[in-house]
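Visitor: Residue numbers (the working numbering), protein chains in the order written: chain A, 1 to 204; chain B, 1001 to 1091.
Just so you know, the hints here were simulated from the structure itself, not pulled from any lab data. From the three backbone atoms N, C-alpha and C, an ideal C-beta is built for every residue, glycine too.
A few chain A residues that don't get close to chain B, going by computed Cβ distances all over 10 Å: (1) K92; (2) H100; (3) S138; (4) A159; (5) N180; (6) S189.
Below are the EDC-like pairs computed for lysine to aspartate or glutamate, each with C-alpha atoms no more than 16 Å apart in a straight line: (7) A:K147 / A:D25; (8) A:K30 / B:D1040; (9) B:K1027 / A:D40; (10) A:K151 / A:D162; (11) A:K51 / B:E1049; (12) A:K169 / A:E191; (13) B:K1026 / A:E44; (14) A:K51 / B:D1040; (15) A:K30 / B:E1049; (16) A:K131 / A:D176; (17) B:K1027 / A:E186; (18) A:K151 / B:D1040; (19) A:K147 / B:E1044; (20) A:K30 / B:E1044; (21) A:K51 / B:E1046; (22) A:K169 / B:E1046; (23) A:K151 / A:D25; (24) B:K1027 / A:E44; (25) A:K51 / B:E1035; (26) A:K30 / B:E1046; (27) A:K169 / A:E193; (28) A:K147 / A:E160; (29) A:K86 / B:E1034; (30) B:K1027 / B:E1059; (31) B:K1026 / A:D40.
Stretch-level coverage of chain A by chain B, calculated; a stretch enters the list once three of its residues show a Cβ under 8 Å from a Cβ in chain B: (32) 27-39; (33) 42-51; (34) 76-87; (35) 148-157; (36) 192-204.
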Amino acid sequence: MNKFPFTLVLSALTCQLSATPISFDFADPKGVNTINFNLDAPLESINGNAKGVSGRVQFDPQEPEVTKGTIDLDVSTLHVANPRMKGHMLGKQWMDVENHPDIQFNVSSLRNVEKTANITTAELVGDLTIKGVTREVSAQITLTYLKGKLKARIGPRGAEGDLLVLRTKFSVSRSDFGINAGQNEERVSDEIEISLSIAGQAPY
Amino acid sequence: MRFAIQKLSFCLLFGGLVVWLIGGAKKGFYVSTEERPQSDPVTEIEYTETHSKFLPGIESLAIGVLLGGSFYFGSFLFSKASQNSHTHAHE
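Could you put the whole structure together from the sequences, leaning on the hints where they help?
Guide: In structure tokens:
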């Protein structure tokens, strides 16, 4: 009796059962990964972005519920179009980049996961740390798993691999994180709307 | 003299207004960069690229109003040149 097909099925099953999450690196060499922020105050609307995204997320396409990871943001890459405002924003009174150079988001869990083909939608729960203050944040998130698309994105000299795109939008209060709390609220709103669309890569 | 200063004040006011309008009549301050929308074809992520570009803001209008107003009201410290020359002609 030929045991080859049985062995093949068994090893495939073993692989399936012991499938480990794929680790995606969110440091994007193409510079596409951007976090946008908006503060809409009565007197002024401030829009800006930040491109210093890094971090790793472990994602299992078969079991998206177990997604874990950390996304980091280099605070010095926060950008607004007015240079004077940018100076103030990075200064001690606001973001205090010298003492708090990073913003960190730790993914705790995904709840209410719904999966259709390569797209997963869920409620993301995690801990957001800004200026040394950590608060739990939850938001709707869409995860798009693009199997084998890394080379198409990086170019013919790039490695083969997968991509994971995260899209989410949520709001935080600057007073919760000690960002010049209670000050200048007529020009800089307390609520900060944050949206991010970022891609992570996992070379084979 | 007064009339010349008043003409200058209107020029400053109008200049400030024109510069503000050219800059897009923004409520905010001047900007030194502009965001141009881009799209990543594989991930379909929409992002922006930052390019250097100066666009005047509300301060250009404010400077125009302040300078124009100052010159206009300051002009009353000077005598009317035309009235003086008229008076001299009568003498």
